[in-house]
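K.L.:
Residue numbers (our numbering), protein chains in the order written: chain A, 1 to 282; chain B, 1 to 313.
Be aware that a few hints might be false.
To be verified - In silico DSS-like pairs for lysine-lysine, Cα to Cα no more than 25 Å straight-line:
1. B/K226 to A/K75
2. A/K100 to B/K226
3. B/K20 to A/K156
4. A/K139 to B/K96
5. B/K96 to A/K111
6. A/K78 to B/K226
7. A/K226 to A/K244
8. B/K5 to A/K112
9. A/K136 to B/K5
Treat the hints as calculated values from the structure; they're not laboratory data.
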Amino acid sequence: MKTIVLEVKNLIKIYNHTKVVDSINLQIQEGEIFGFLGPNGAGKTTTILMALGLTEPTSGEINVFGYNSTREPLKVKKITSYLPENVGFYEDLTAQENLKYITRLNGIPGKKADAKIEEVLKNVGLQDVTQVEVGKYSKGMKQRLGMAAVLVKEPKLAILDEPTTGIDPKGVEEILELIVRMSREQNITVLLSSHLLYQVQKICTKIGIISQGRIVAQGTIEEIGKSLLKEEKEDLLEVKVANKLTPALVESIKQIEGVMGVEKKSPDHSLEEIYIKYFREG
Amino acid sequence: MSGLKVVFWKELADYLGSRKFLILFTIILVSAISIVYILSQNIGEYLSEISKEYVFLNFFTISLGALPSFIFFVSFFGPLIGIIFGFDAINSERSKGTMSTVVSQPIYRDALINGKFLAGLATISIMLISIILIILGLELGVLGIIPNLEEIWRIIIFFVASVIYIGFWMSMGILFSIVFRQTTTSALVSVMMWIFFAFFVLMISNVIADQVAPLNQNSTLEMIAKNENIKSMIMHISPVVLFQEIVIALLNPSARAFGITALIRGNNLLPTPLPLSQSLLVIWPQFVGLLALMLICFAASYVIFMRQEIRAT
């Protein structure tokens, strides 16, 4: 049995008589990358803020490694890193100085902090611009610095709120890669909030879907898929033809036993494929 | 506590390195130096005006022709300095998104606002101490007079009062930076409050006093006194007035009363300087009032900030 990192019990939050979060129950186990999905305004960020003890729940409780988020927020925040949506840094300070401030707030002693800062900046690929003021950074670089800020305090749980909004596909790939790597190498449990399904599918081991403040589905993607989309789908086979597709060829394929139908499709290239290929090679 | 210390040192470094600080510091420094310089060049012409017992203090209070006095600079620029340090303290952190990063670290939330407030006070103190010391040094060097003990005490208390005065404007700025989400709004409202307290309060107090206790040629002394009392009551809600009275009593030891009392009885009194303890008695209410105004502003900021939601959007 793996340890439960984050446990949400009957969590309710009411703002101005509306239930923003309505009786949520969640469990995240150690080592998971948990995708927290839902449309804008579904209550994702509110739940996260309550998990960090920054907002008080109306009722219910959240425990992080057994510490109650509302009553012991400092202990929770010590072991939890939070990457807010639209992360910001002090623009007149350098990347190195910004991270130094974070390590100081965490009470990490100077020498250890310096070594760690250098390490994480290298990890996120900012090692050449550590002495540049953050105001001159691009959006993607800031987001990567955000990831560095998450890693620098050596958390056990990382809560990432929309970590890939506003960056280009190549940057997205890099950040996703980084998330997977930190989860594997440093055994950090990750709570990833997002509404970009493609990315979530790519890296998350489990997901929870939230809609209008309620959890509507929870589990691995396969489990949810099976229970939700009940009808079995036919298997599809793709066939590549050497030259032009002739009606005769179509006919002869149809003759094969067990084939239900033949359909002609033009090869579709996703724009993302093209984009990434172009910029990787160029 | 460690969180408070970290925020304090970071904010202090930010303030001292900021351009706004350098510009303000230069303005006040240049004016102070020029006053000392001109006064020391023409000391002979002003011999009749300056007090002989407290030669040193004259440099803070005397205005020379077009050049206003040093205390005028402090009471005039002090609010601006305070407002500039305070008006974007919290809402700029919000709009840049640094706030959620900082409060998600293992510190109590009030460490942020306390640290900023204390760092602001420290910056103001550093600025005033260095300017006062420069003036004192110039006086010593140019004129060769040494201040006596009482003058030193008066200058120290003047320094404390100035820090509280500028501190009031800063905590008012911080309050608006919490209440308003836009830095431009909080800046404009702060400046408006300054204009109100510095200029409009005087006009309003006149208007109200004349409404409540109208004066004409046949008015008795009681009626004039009533009018004056109402006027001074309203005027004293303004920290500018409070500060000016504190400074006058401190740096001009012969001042012993303000308002109507000074008018009526002033002519019958010998203009002998008061000892420090008596000057302090004269300004004690103003001093406490100013301190209370600053603390009220800070307490309001603290309470509102602690109750506010963290999320930026």
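K.L.:
Next step is simple, just say for each hint if it's right about the structure.
P.N.:
Here is what the structure says about each hint:
Of the pairs offered as hints, the one joining B/K226 and A/K75 is violated, with about 62 Å between alpha carbons and a cut-off of 25 Å exceeded. Proposed proximity of A/K100 and B/K226 is contradicted: the alpha carbons are some 62 Å apart, above 25 Å. For the hint pairing B/K20 with A/K156, the CA-to-CA distance comes to about 41 Å; that exceeds 25 Å, so the pair is violated. Distance check on the hinted pair: A/K139 and B/K96 sit about 13 Å apart at the alpha-carbon level, within 25 Å; holds.
Proposed proximity of B/K96 and A/K111 is contradicted: the alpha carbons are some 29 Å apart, above 25 Å. Using a Cα cut-off of 25 Å, the hinted pair A/K78 and B/K226 is violated, with the two alpha carbons roughly 63 Å apart. Of the supplied pair hints, the one linking A/K226 and A/K244 is violated, its CA atoms being roughly 38 Å apart against a limit of 25 Å. Only pairs whose Cα atoms come within 25 Å are accepted, and B/K5 paired with A/K112 is accepted, the gap being roughly 19 Å.
Distance hint between A/K136 and B/K5 is unfulfilled; the C-alpha atoms sit about 29 Å from each other, more than 25 Å.
The structure fails to meet hints 1, 2, 3, 5, 6, 7, 9 from the earlier list, while all remaining hints are met.
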